[in-house]
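Assemble the whole structure, with the sequences as input and the hints as a guide.
If you read the sequences in order, they're chains A and B. In this text, residue positions in the first sequence follow the numbering used here: the first is 1, and each later residue adds one. In this text, residue positions in the second sequence follow the numbering used here: the first is 1, and each later residue adds one.
By construction, these hints were calculated from the structure, which means they are not laboratory data. You can take every hint at face value.
When the alpha-carbon atoms are kept at most 20 Å apart in a straight line, the in silico EDC-like pairs for lysine to aspartate or glutamate are as follows: (1) A:K57 with B:E64; (2) B:K57 with A:D6; (3) B:K57 with B:E68; (4) A:K57 with B:E65; (5) B:K57 with A:E64.
Note that the structure is a prediction, hence the values are computed from the model and not measured.
Protein chains: 2
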Amino acid sequence: MKPKYDIRNALRLHRVKAGDMTQQELADRVGATRQTIMSIEKGRYNPSVGLALRIAKVLGASIEELFELEEEEGDRDG
Amino acid sequence: MKPKYDIRNALRLHRVKAGDMTQQELADRVGATRQTIMSIEKGRYNPSVGLALRIAKVLGASIEELFELEEEEGDRDG
DNA sequence: CGCGGTAGTAAAATAAACTTTACATTTTGT
DNA sequence: ACAAAATGTAAAGTTTATTTTACTACCGCG
Numbered sequence: 001m002k003p004k005y006d007i008r009n010a011l012r013l014h015r016v017k018a019g020d021m022t023q024q025e026l027a028d029r030v031g032a033t034r035q036t037i038m039s040i041e042k043g044r045y046n047p048s049v050g051l052a053l054r055i056a057k058v059l060g061a062s063i064e065e066l067f068e069l070e071e072e073e074g075d076r077d078g
Numbered sequence: 001m002k003p004k005y006d007i008r009n010a011l012r013l014h015r016v017k018a019g020d021m022t023q024q025e026l027a028d029r030v031g032a033t034r035q036t037i038m039s040i041e042k043g044r045y046n047p048s049v050g051l052a053l054r055i056a057k058v059l060g061a062s063i064e065e066l067f068e069l070e071e072e073e074g075d076r077d078g
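Below you can see the structure in the form of structure tokens.
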């Protein structure tokens, strides 16, 4: 079952920009596991806003820069 | 078990600001239930960044305005 | 080639988000 | 006071995030 709200993320881009940090390093700094970072980078799920906030802080970016709503065409009910 | 990283939110404030929308109205517009909105407003858990993004869009605010990391003093390992 | 570090994948288990339903309390309008 | 709408709480259930563990592939280095 795919998530209700798809998001696109530029995590990897910003991770590299922020000093070419490794996944493990980022994971440590935000208090998550490498697999969690992996899964987010790969778009397998969207993190909690708490984790997203911490990632944004470490990467020196805004959440809006990091994560973006997928525009789903023709699938909206409004 | 309380969440690992507490967040503070100004959801209610912005909900009122954005035309005094009811919880139900906001819930409908973001595709969630009223209870979900309630729980977020009451700080019972932090939503996914996907839902947070949709809320921010509807309320015309940034995620950073809506949700803020709780600064926990003396609980960091680095 | 063998080694260490990084990245990709996956399965099982646990924690947390989110839904559904139901009921109590407060607020608002008449 | 009464009714209706909005808010608050809660329990049980489903789905998704996150962890833990483990294995594979790629790359630079000796």
